[in-house]
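> Here are the chains, one letter per residue:
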Amino acid sequence: AQSVTQPDIHITVSEGASLELRCNYSYGATPYLFWYVQSPGQGLQLLLKYFSGDTLVQGIKGFEAEFKRSQSSFNLRKPSVHWSDAAEYFCAVGARGTYKYIFGTGTRLKVLA
Amino acid sequence: KAGVTQTPRYLIKTRGQQVTLSCSPISGHRSVSWYQQTPGQGLQFLFEYFSETQRNKGNFPGRFSGRQFSNSRSEMNVSTLELGDSALYLCASSLDRREISYNEQFFGPGTRLTVL
Chain B
5 AQSVTQPDIH
15 ITVSEGASLE
25 LRCNYSYGAT
35 PYLFWYVQSP
45 GQGLQLLLKY
55 FSGDTLVQGI
65 KGFEAEFKRS
75 QSSFNLRKPS
85 VHWSDAAEYF
95 CAVGARGTYK
105 YIFGTGTRLK
115 VLA
Chain H
4 KAGVTQTPRY
14 LIKTRGQQVT
24 LSCSPISGHR
34 SVSWYQQTPG
44 QGLQFLFEYF
54 SETQRNKGNF
64 PGRFSGRQFS
74 NSRSEMNVST
84 LELGDSALYL
94 CASSLDRREI
104 SYNEQFFGPG
114 TRLTVL
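Here the protein sequences come in this chain order: B and H.
Counted the way the working numbering counts, the first sequence spans residues 5 to 117.
Counted the way the working numbering counts, the second sequence spans residues 4 to 119.
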């Protein structure tokens, strides 16, 4: 069965520090991969997505993610975190040939001034 | 273009009651998905509709149902509410595609349901 694991429930970083949020998936083939962000009281917004091709993808707000097939991972990174990045981040898998996404349980990011 | 809207934003019900939540997708989007979000569980897929047809359903009991209208607006209904149904219910819409799994989904702000 397809699944998505985000091993870190909470992460705290200082403003200006680098960030990496982990995501591991279980899927029989190359899935469609997504990262979404949810700010308090709001719905989810797409940060970036990977379908095929270059394994390093760039997204909005200075985020990037790297697809590593051998590790079944799709980690999200940002070189310098801003206080406004404090939010909850969700990794998701779109299983090909289906009509649904599978989301991870999320990682809540706290940014220290 | 207006985003996905959900009504009401907040709802308080008691056990045993039923509730109906509404979702209006982005204009032109024909696929609507519903998710239940709870702390520690993340987003759990409820169901997806396209052109008034349910194409996929998650692992929820039959108390959870939905429908989609010809204008793509969607409703979900939960009957015989239980305490564990307290959650944020999110609706997402996406463009017309053969499969939605590679589409960007646009989410509404959610309806916060509290069951007492």
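Hints in this document: simulated from the structure, not taken from any laboratory.
One or more hints might be untrue.
Result set (DMTMM-like, lysine to aspartate or glutamate): computed pairs, CA atoms no more than 25 Å apart in a straight line [unchecked claim]: (1) Lys-53(B) with Glu-92(B); (2) Lys-114(B) with Asp-58(B); (3) Lys-53(B) with Glu-107(H); (4) Lys-65(B) with Glu-85(H); (5) Lys-72(B) with Glu-107(H); (6) Lys-53(B) with Glu-24(B); (7) Lys-114(B) with Glu-24(B); (8) Lys-114(B) with Glu-70(B); (9) Lys-16(H) with Glu-85(H).
In this text, all values refer to a predicted model and were calculated from it rather than measured experimentally.
> Under the constraints set out in the numbered hints, which ones does this structure not fulfil?
2 and 4
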